[in-house]
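A.B. asks: Given next are the chains, with one letter for each unit.
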Amino acid sequence: MLPPASCRAPYDDFEGLSLVPLDNAPDRPPAPPAGGALPPLSGPPPRQPHPPGLPVAAVPLRMRVQFHGEGGEFFRIWIVNLLLTVLTLGIYSAWAKVRTRRYFYGCTSLAGSTFEYLAEPVAILKGRAVLAVALLLLYASLSMMPLFGAALLVGALPFVPALIVSSLRFNYRVTRWRNVAFRFTGSYGGAAVAFLLWPLLGVVSFGLLWPKAIQAQRSYLLNHVHYGNAAFSADIPLWPVYGCSIVASVLLGIVTAVATVLSGLMLARAGLRPQSMADLDHWQLFALVLPTLAYLFGLTLSAAYYRAALRNIVLADVAIGDGHGLRSHVSVLDYIAFATGNLLLTVVTLGLARPWVRVRTARYFATTTTIRFAVPAGAAMAGIAAVTEAAGRRGSTLGDAAGDAFDWDLSL
Amino acid sequence: MSEAGSLRIAGCHYPAGSAAGQAAELHVSADGALRLEPGGRALGHWRGLRVPERLGRAPRVLGLGDGGGFETGDNAAVDACERRFRGRVAGGRLHALEGRWTIAWLALAGLGFSIFAGFVWGIPALAARVAPWLPASVVVGSSEETLASLDRHVLRPSRLPAARCEALEATRARLAARAGLSGGRLECRRGGAFGANAFALPSGLVVITDEFVELGGDDDELAGVLAHEVAHVEYRHGLRQALQGSLLTLGAALLTGDLANAGSFIAHLPVVLAGLHYSRDFEREADARGAALMRAEGRDPRALARALARLEGAARQKERPAAPAWLSDHPDTQERIARIEALAR
Ligand SMILES: [Zn+2]
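Going line by line, the protein sequences match chains A and B.
Using this note's numbering, the first residue of the first sequence is number 1, and each one after it goes up by one.
Using this note's numbering, the first residue of the second sequence is number 413, and each one after it goes up by one.
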């Protein structure tokens, strides 16, 4: 019995694949995903001279990342793991996390090969336990001895970059494609500059330097990734980051203003005084909820715009190894509509549609990402060697747990 | 399957140490010996493979003994070999659970029930268990802080004659001693936005507003209200309420961590509603205990019911719109009065 074809990778001869990459002819740009126009394919020429003996027509060629997951399938995995997590009072969450990650990685394929996530649940659990104890002590000291707790909080700041580096090293090390692991080689100093110094300057400058902080962080996150011996590198331009930050802020400002005025008007009409929550009637409750929903909606629009625009800027032209590349082609308007649909779906189903939304989102971002090979993919792959990290640079699950707890967005 | 008992698994072979790879077939003989085609290289026995757990229909990479890998989407064949040569499929039971819609709906129902039970019974029980362990310094400190903040923003100094307030304090002290409580005191204040009100803070500090005293209730009625507040302190209702709030928020955050996009509003609505429900239970408990304390003092246990009726009469005169029952902080006053009357009988 064979599994259904939708999740079965095409294991044709890899060399052959490179001539007709998946659904795209090499000399034709990939079809845009659902209505969005695609930027022209004229990327920079390969840095290396074209190797002799290989067909010229195939160089350079692009392949689209594919995603084969299904919402229903992931819903069943999600609900069973969520129940086990609740029944074990959270202990199973480490296993649930690994299974979820493995599902999404395993359903993401490039050139017929899927990604692997190899973290050990027990190690993840240990990281989470250590972090939980540390946070509990911190909160306890904050509430009982506020001054000492605050000192601890400030004292913990230098550990934040260390945890970020540790999380990145760990997560890239346990990610594999074609049996070769990714690596993250960023240093503590670089993380301290990107995640402490620049955000601090961003706050001190009343937000004027905040986009610069974002650019520094994205640059740090991207420029230290390696796939085996092939390094990722990209110059992230500063001014476009400023541009999309300003547009997102203006959008958010308009939405906040409208929601505030709306709520003021409605509450005034409803004759509501503050401090009388218990005296609300249905109409007043509606007056309170509607502006909140309007604000939430506007926030989604602004966040979706920012996410799509920033992604296109950061991943506009990432070089990988010897002239290969990676590129994002999200259509901003299309993504805003997509994200709004996801929000409505989640709200209407009280969160039950979340698995479908996650699968849809993974598919959306996979299919709007293309990889460019400077030489036919088979030759390109043969040029990539695995590199084993030294013992001190393998990262830890403590950093990973901190990333989960504080929702650090360290992904590309 | 070709030769008797042997299996062929189609996939892609990755040699150790490189991303190079090619389409290949793994031939598994009837006794578990592995051979890679094309090339015919022997790869040892099936039991030497590292086989990841099955997960949906996602392909798996089998770890070869030499550090290489073999990726295949033929999960059925891999599981068949696992069963045959290792006797069990790692994670097979989980995969069976995750594969059925019936199980998924059952899990959903179980999840709904667990969350309901945890929020309605688990968290209150945990809060009641934890509350006695909070250090007295924290309890007193936070109570004094709350009063100071209320004094700054809402409450004003009392205009009652000092003797009236002292008499009320004496009543409170007798009731507190009856409940086995030490410490605590009574503060009289002009209520401002609070109007006619009385409330207790976890340290045993009871605040009664001038407006309440001026409603014209007799000494028994005021004592009934103080007994109700002392009961709140005795049962640590304030602390438990605060702890329940924190635990609820924590639980909701853990559960909906996934749901961040849907916004905090949706995550917090059930927390707010559940919180209101808790306070109703506490009110009923305090009503019953307050009546018992009054009886033990040799006073009329129905006095609190009269005070409540008086309070409601005063509120009705002001003609405020009635709150929807499910959103009200206190159980319907008529219901409370009826309960107290029934207890006193
Ligand atoms: Zn009460």
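Treat the hints as calculated values from the structure; they're not laboratory data.
Every residue gets a Cβ at the ideal spot worked out from N, C-alpha and C, and that includes glycine.
Where hints are given, some of them may not hold.
Claimed, not checked - Take a look, some chain B residues computed to stay more than 12 Å from chain A by CB distance:
#1 G433
#2 G444
#3 R462
#4 R469
#5 A470
#6 R472
#7 V501
#8 L559
#9 R568
#10 P573
#11 R586
#12 Q653
#13 R757
To be verified - Covered, in the sense of this in silico footprint (three residues per stretch, anywhere, with C-beta under 8 Å from a C-beta of chain A), are these stretches of chain B:
#14 502–511
#15 523–531
A.B. asks: Run every hint past the structure and note whether it holds.
C.D. replies: Comparing the hints with the structure gives:
1. G433: violated, 6 Å
2. G444: Its Cβ never comes within 12 Å of chain A, the nearest being 20 Å, so this holds.
3. R462: At about 10 Å from chain A, B:R462 fails to clear the 12 Å cut-off, so the statement is violated.
4. R469: It is violated; B:R469 is separated from chain A by about 4 Å at its closest Cβ, not greater than 12 Å.
5. A470: At roughly 3 Å from the nearest Cβ of chain A, B:A470 sits no farther out than 12 Å, so the non-interface label is violated.
6. R472: violated, 7 Å
7. V501: holds, 15 Å
8. L559: holds, 17 Å
9. R568: Check passes; 15 Å lies beyond 12 Å.
10. P573: Its Cβ never comes within 12 Å of chain A, the nearest being 29 Å, so this holds.
11. R586: Answer for B:R586: holds, closest chain A Cβ roughly 31 Å.
12. Q653: holds, 15 Å
13. R757: At roughly 30 Å from the nearest Cβ of chain A, B:R757 sits farther out than 12 Å, so the non-interface label holds.
14. 502–511: It holds: at least three residues are needed, and the stretch 502–511 of chain B offers 4 whose Cβ sits within less than 8 Å of chain A.
15. 523–531: holds (count 4)
The earlier numbered hints that this structure contradicts are 1, 3, 4, 5, 6.
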